[in-house]
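The letter at position 90 of the sequence shown is residue 89 when you use numbering that gives the first Met the number 0, and the numbering goes up by one with no holes.
There's no promise every hint is true.
Label pairs and their calculated CB-CB ranges [claimed, not checked]:
1) L18 x N42: 54 to 60 Å
2) A55 x K8: 50 to 56 Å
3) P21 x S78: 45 to 51 Å
4) K8 x S78: 44 to 50 Å
5) S7 x S78: 46 to 52 Å
6) L33 x L4: 55 to 61 Å
20 Å max Cα-Cα, derived SDA-like pairs, lysine to any residue [stated by the list, open to error]:
7) K49 x T77
8) K8 x I23
9) K15 x L3
10) K15 x R40
11) K15 x W57
Derived from the structure by calculation, the hints contain no laboratory data.
No experiment lies behind these values; they were computed from the predicted model shown.
No residue lacks a Cβ here, since even glycine has one placed at the ideal position from N, Cα and C.
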Amino acid sequence: MYHLLANSKKPSLNPKIRLAFPWILWQIWKAQNLFCFEQRRLNAEAVIDKAMEEAAVWLHLHSFIPDDPPEITVEEKTSQAWEKPPLGYF
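Modelling step: build the complete structure from the supplied sequences, incorporating the hints.
Quick look at the structure:
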């Protein structure tokens with residue numbers, strides 16, 4: 000895990016792999032729990048394949064960029080002085 004965390008900031012790594020680090024850690028955690036609680040082992044290739052698959056899905060769903068960004072308009076506001084309410088208003 001130290002290796003993953005230490006290398007997660009390296010810009011020289013392929014972004015697809017670098018961005019998959021959280022899913023790799025999560026799949027290692029799940030594989031460890033599977034072994035501890037159900038005595039089932041997953042090989043490293045299965046853990047990495049599942050992590051890369053889940054990372055790809057998440058990145059695909061969260062990388063939506065609208066075709067036409069919304070137009071931002073700024074309204075010019077004029078300040079008005081406070082006026083006393085007319086008699087009998089309250």
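Structure-based check of all given hints:
1. L18 x N42: 54 to 60 Å: 23 Å, violated
2. A55 x K8: 50 to 56 Å: For K8 against A55, whose Cβ atoms are near 21 Å apart, the range 50 to 56 Å is violated.
3. P21 x S78: 45 to 51 Å: Taking Cβ atoms as reference, P21 and S78 lie about 49 Å apart, which means the hint holds.
4. K8 x S78: 44 to 50 Å: 48 Å, holds
5. S7 x S78: 46 to 52 Å: 50 Å, holds
6. L33 x L4: 55 to 61 Å: 22 Å, violated
7. K49 x T77: 58 Å, violated
8. K8 x I23: The given pair, whose Cα atoms are some 15 Å apart, holds under the 20 Å limit.
9. K15 x L3: 14 Å, holds
10. K15 x R40: 26 Å, violated
11. K15 x W57: Given that 20 Å is the threshold and the Cα spacing comes to 12 Å, the pair holds.
Checked against the numbered hints listed earlier, the structure breaks hints 1, 2, 6, 7 and 10; every other hint is satisfied.
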